[in-house]
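Based on the sequences and whatever the hints tell you, model everything.
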Amino acid sequence: DAKTTQPTSMDCAEGRAANLPCNHSTISGNEYVYWYRQIHSQGPQYIIHGLKNNETNEMASLIITEDRKSSTLILPHATLRDTAVYYCIVFTGTASKLTFGTGTRLQVTL
Amino acid sequence: ETGVTQSPTHLIKTRGQQVTLRCSSQSGHNTVSWYQQALGQGPQFIFQYYREEENGRGNFPPRFSGLQFPNYSSELNVNALELDDSALYLCASSPIDRKAGNTIYFGEGSWLTVV
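From first to last, the protein sequence lines are chains A and P.
Residues in the first sequence are numbered from 1 upward in steps of one, following the numbering used here.
Residues in the second sequence are numbered from 1001 upward in steps of one, following the numbering used here.
A few of these clues could be false.
Simulated restraints on C-beta separations [said to hold, decoys possible]:
1. Ile39/A <-> Ser1027/P: 20 to 28 Å
2. Asn57/A <-> Trp1111/P: 47 to 55 Å
3. Thr65/A <-> Leu1011/P: 39 to 47 Å
4. Gln107/A <-> Arg1051/P: 36 to 44 Å
5. Lys1013/P <-> Thr72/A: 37 to 45 Å
6. Arg1015/P <-> Ile39/A: 28 to 36 Å
Hints in this document: simulated from the structure, not taken from any laboratory.
The beta carbon of each residue, even a glycine, is placed where N, CA and C say it ideally should be.
This is how it looks when you write it as structure tokens:
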């Protein structure tokens, strides 16, 4: 599975959009981009995933560049409960081996 | 709520002992995988079970073993516990059709402390 690069930490004011970037320059054609988050001491929570097109669900939006070498997770109106470590992972989705990097620690503040 | 249930939530064991952790996967999910997450690090893949057989393994010694049952639930067994085995153990399940783009759901994990 391709490796990803994310900033170590980010801050965001409550109510503002949080934009979390991820680089995955070695992604292959059959690999999806997945985002999970982990709130302290809990299991990773699935957020969203996509292959080529931008995706949106009730939690977030995923913007994937045309060359698929990078993506951005957008939390449109961040709240204090969105404070967590966010992991960007690329894999095919046909197996359960997810390779977690160090993720981005998002701190949402008042 | 992911439908993936793990037990126990917390336990303390002594070095050298053995431990069994349990996982009930989400309904309709036949692939179960286990991860170890040490404090301050991301989860590390231990192994995966599909149709009751190990189907992929990470860089973990043989004293980490597992089982999957006909109802797709699973166990993780760790023998000869070491202090470094102290971690959060996560179970994850994915759907039966295993097609590309499936979502993998995690349980809340079992916290193991080895003293």
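Hints and how they fare:
Here the CB-CB span from Ile39/A to Ser1027/P is close to 25 Å, well matched to the stated 20 to 28 Å. The given range of 47 to 55 Å is broken by Asn57/A and Trp1111/P, whose C-beta atoms sit roughly 30 Å from each other. Separated by about 45 Å at the C-beta atoms, Thr65/A and Leu1011/P satisfy the suggested range of 39 to 47 Å. In this structure, Gln107/A and Arg1051/P meet the distance hint of 36 to 44 Å, their C-beta atoms being roughly 43 Å apart.
For the pair Lys1013/P and Thr72/A, the supplied restraint of 37 to 45 Å holds, since their beta-carbon distance comes to about 43 Å. In this structure the hint that Arg1015/P and Ile39/A lie 28 to 36 Å apart at CB holds, the actual value being about 30 Å.
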